[in-house]
Amino acid sequence: MAMLAAVAVAQAQAAGVTGDVDGDGTVTSTDVTALYNYLLMDDMTYYSTSDVDGDGQITSADVTMVYNILLGIMPTVAHEYVDLGLPSGTLWATTNVGATSPEDYGDYFAWGETTPKDYYGWDNYAWSNGRWSTLTKYCNNGTWGYNGFVDNLVELEPADDAATANWGSEWCMPSRDQLDELITQCTMQWTTTSGVNGYKVTSKINGKTMFLPAAGFYFGGELYSAGNIAYYWTRTVNDARCYYAYYFFFHSSGSQDLTTGDRDSGFSVRPVRAMRNA
Numbered sequence: 088m089a090m091l092a093a094v095a096v097a098q099a100q101a102a103g104v105t106g107d108v109d110g111d112g113t114v115t116s117t118d119v120t121a122l123y124n125y126l127l128m129d130d131m132t133y134y135s136t137s138d139v140d141g142d143g144q145i146t147s148a149d150v151t152m153v154y155n156i157l158l159g160i161m162p163t164v165a166h167e168y169v170d171l172g173l174p175s176g177t178l179w180a181t182t183n184v185g186a187t188s189p190e191d192y193g194d195y196f197a198w199g200e201t202t203p204k205d206y207y208g209w210d211n212y213a214w215s216n217g218r219w220s221t222l223t224k225y226c227n228n229g230t231w232g233y234n235g236f237v238d239n240l241v242e243l244e245p246a247d248d249a250a251t252a253n254w255g256s257e258w259c260m261p262s263r264d265q266l267d268e269l270i271t272q273c274t275m276q277w278t279t280t281s282g283v284n285g286y287k288v289t290s291k292i293n294g295k296t297m298f299l300p301a302a303g304f305y306f307g308g309e310l311y312s313a314g315n316i317a318y319y320w321t322r323t324v325n326d327a328r329c330y331y332a333y334y335f336f337f338h339s340s341g342s343q344d345l346t347t348g349d350r351d352s353g354f355s356v357r358p359v360r361a362m363r364n365a
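Be aware that the sequence shown starts at 88, since it is given in our numbering, and climbs by one per residue.
Simulated from the structure, these hints should not be mistaken for laboratory data.
Keep in mind that a hint or two might mislead.
[Unchecked claim] With a straight-line cut-off of 25 angstroms between C-alpha atoms, the simulated SDA-like cross-links for lysine to any residue are: (1) Lys287 <-> Ser339; (2) Lys295 <-> Ser340; (3) Lys295 <-> Gly307; (4) Lys295 <-> Asn211; (5) Lys287 <-> Asp264; (6) Lys295 <-> Lys224; (7) Lys204 <-> Gly176; (8) Lys204 <-> Gly229; (9) Lys204 <-> Lys287; (10) Lys287 <-> Asn315; (11) Lys204 <-> Thr271; (12) Lys287 <-> Gln272; (13) Lys291 <-> Thr120; (14) Lys287 <-> Ser262; (15) Lys287 <-> Gly193; (16) Lys287 <-> Glu167; (17) Lys204 <-> Thr132; (18) Lys224 <-> Trp214; (19) Lys295 <-> Gly176; (20) Lys295 <-> Asp326; (21) Lys204 <-> Asn216; (22) Lys224 <-> Gly176; (23) Lys295 <-> Leu127; (24) Lys224 <-> Gln144; (25) Lys224 <-> Glu242; (26) Lys287 <-> Ser342; (27) Lys204 <-> Thr230; (28) Lys295 <-> Glu242; (29) Lys295 <-> Gly308; (30) Lys291 <-> Thr132; (31) Lys295 <-> Gln144; (32) Lys291 <-> Gly308; (33) Lys295 <-> Trp214.
[Stated by the list, open to error] The following label-pair restraints were derived from C-beta to C-beta distances: (34) Gly235 <-> Leu126: 48 to 56 angstroms; (35) Phe306 <-> Pro245: 21 to 29 angstroms; (36) His338 <-> Asn234: 38 to 46 angstroms.
Beta carbons: idealized from backbone N, C-alpha and C, even for Gly.
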């Protein structure tokens with residue numbers, strides 16, 4: 088341990104250093120000690136930074152990951168998140184699906200589809216037979232189901248969730264309730280970050296922030312209102328009109344709403360995950 092303590096494999100960055108549990112800007116044996124203190128003695132001092140491997144749990148795997156960093160085996164952490172202190176324990180990703188930075192718009196998805204495309208419409212939507220009234224999945228009313236089809240599914244299954252399909256099983260699109268919690272537990276401020284317009288989301292609980300770019304939306308084959316408007320899908324269908332699904336909308340004017348719209352539209356996806364041992 089004494090030899091390992093002399094090894095500092097990373098320097099502090101604005102977004103933090105993977106494995107730097109104690110927050111001193113480097114990865115050393117003290118980070119291992121901090122993890123052991125939590126695992127063996129329930130010491131919560133560094134709880135919020137202890138999920139080193141990003142699987143939503145604090146286990147011996149996090150200790151192993153720090154050891155590997157000390158030995159020069161650098162991990163690949165694909166997707167970062169922010170803990171806004173929300174009552175549900177929901178952790179929000181810092182980027183959209185398909186994005187490489189918080190300011191990047193990322194990809195656009197029809198609701199229930201997992202790959203972006205060049206054209207968004209009912210005639211090429213995965214879960215209909217060409218029209219809004221011929222749904223083939225996520226339908227609770229035969230009036231809108233193909234040949235009276237009904238399955239009563241009200242939330243996306245993992246295989247149809249753009250976050251899960253692209254980022255892995257630890258991630259999913261937010262539910263309507265999770266997005267409602269974000270809106271009520273945070274303040275939303277129109278701002279410009281690195282030349283990109285969007286919302287700065289600030290937790291009323293712990294003051295932490297994230298950025299949602301105003302990425303616009305796809306209708307047909309065209310991108311509309313990028314830089315002025317944003318639409319972010321939830322994974323929840325509108326049970327009253329199941330050809331709609333819930334999304335979060337905001338505009339440069341300051342207007343915002345959690346509402347529903349046509350499932351065939353191309354909207355942004357901001358993933359979430361749960362801190363399961365919170």
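Hints, verified against the model:
no., hint, result
1, Lys287 <-> Ser339, "holds, 12 angstroms"
2, Lys295 <-> Ser340, "holds, 24 angstroms"
3, Lys295 <-> Gly307, "violated, 37 angstroms"
4, Lys295 <-> Asn211, "violated, 40 angstroms"
5, Lys287 <-> Asp264, "holds, 20 angstroms"
6, Lys295 <-> Lys224, "violated, 38 angstroms"
7, Lys204 <-> Gly176, "violated, 33 angstroms"
8, Lys204 <-> Gly229, "violated, 28 angstroms"
9, Lys204 <-> Lys287, "violated, 28 angstroms"
10, Lys287 <-> Asn315, "holds, 14 angstroms"
11, Lys204 <-> Thr271, "violated, 33 angstroms"
12, Lys287 <-> Gln272, "holds, 13 angstroms"
13, Lys291 <-> Thr120, "violated, 32 angstroms"
14, Lys287 <-> Ser262, "holds, 20 angstroms"
15, Lys287 <-> Gly193, "holds, 17 angstroms"
16, Lys287 <-> Glu167, "holds, 17 angstroms"
17, Lys204 <-> Thr132, "violated, 46 angstroms"
18, Lys224 <-> Trp214, "holds, 5 angstroms"
19, Lys295 <-> Gly176, "holds, 14 angstroms"
20, Lys295 <-> Asp326, "violated, 33 angstroms"
21, Lys204 <-> Asn216, "holds, 18 angstroms"
22, Lys224 <-> Gly176, "violated, 30 angstroms"
23, Lys295 <-> Leu127, "violated, 29 angstroms"
24, Lys224 <-> Gln144, "violated, 33 angstroms"
25, Lys224 <-> Glu242, "holds, 11 angstroms"
26, Lys287 <-> Ser342, "holds, 14 angstroms"
27, Lys204 <-> Thr230, "violated, 28 angstroms"
28, Lys295 <-> Glu242, "violated, 29 angstroms"
29, Lys295 <-> Gly308, "violated, 37 angstroms"
30, Lys291 <-> Thr132, "holds, 21 angstroms"
31, Lys295 <-> Gln144, "holds, 20 angstroms"
32, Lys291 <-> Gly308, "violated, 39 angstroms"
33, Lys295 <-> Trp214, "violated, 38 angstroms"
34, Gly235 <-> Leu126: 48 to 56 angstroms, "holds, 54 angstroms"
35, Phe306 <-> Pro245: 21 to 29 angstroms, "holds, 27 angstroms"
36, His338 <-> Asn234: 38 to 46 angstroms, "holds, 39 angstroms"
The structure fails to meet hints 3, 4, 6, 7, 8, 9, 11, 13, 17, 20, 22, 23, 24, 27, 28, 29, 32, 33 from the earlier list, while all remaining hints are met.
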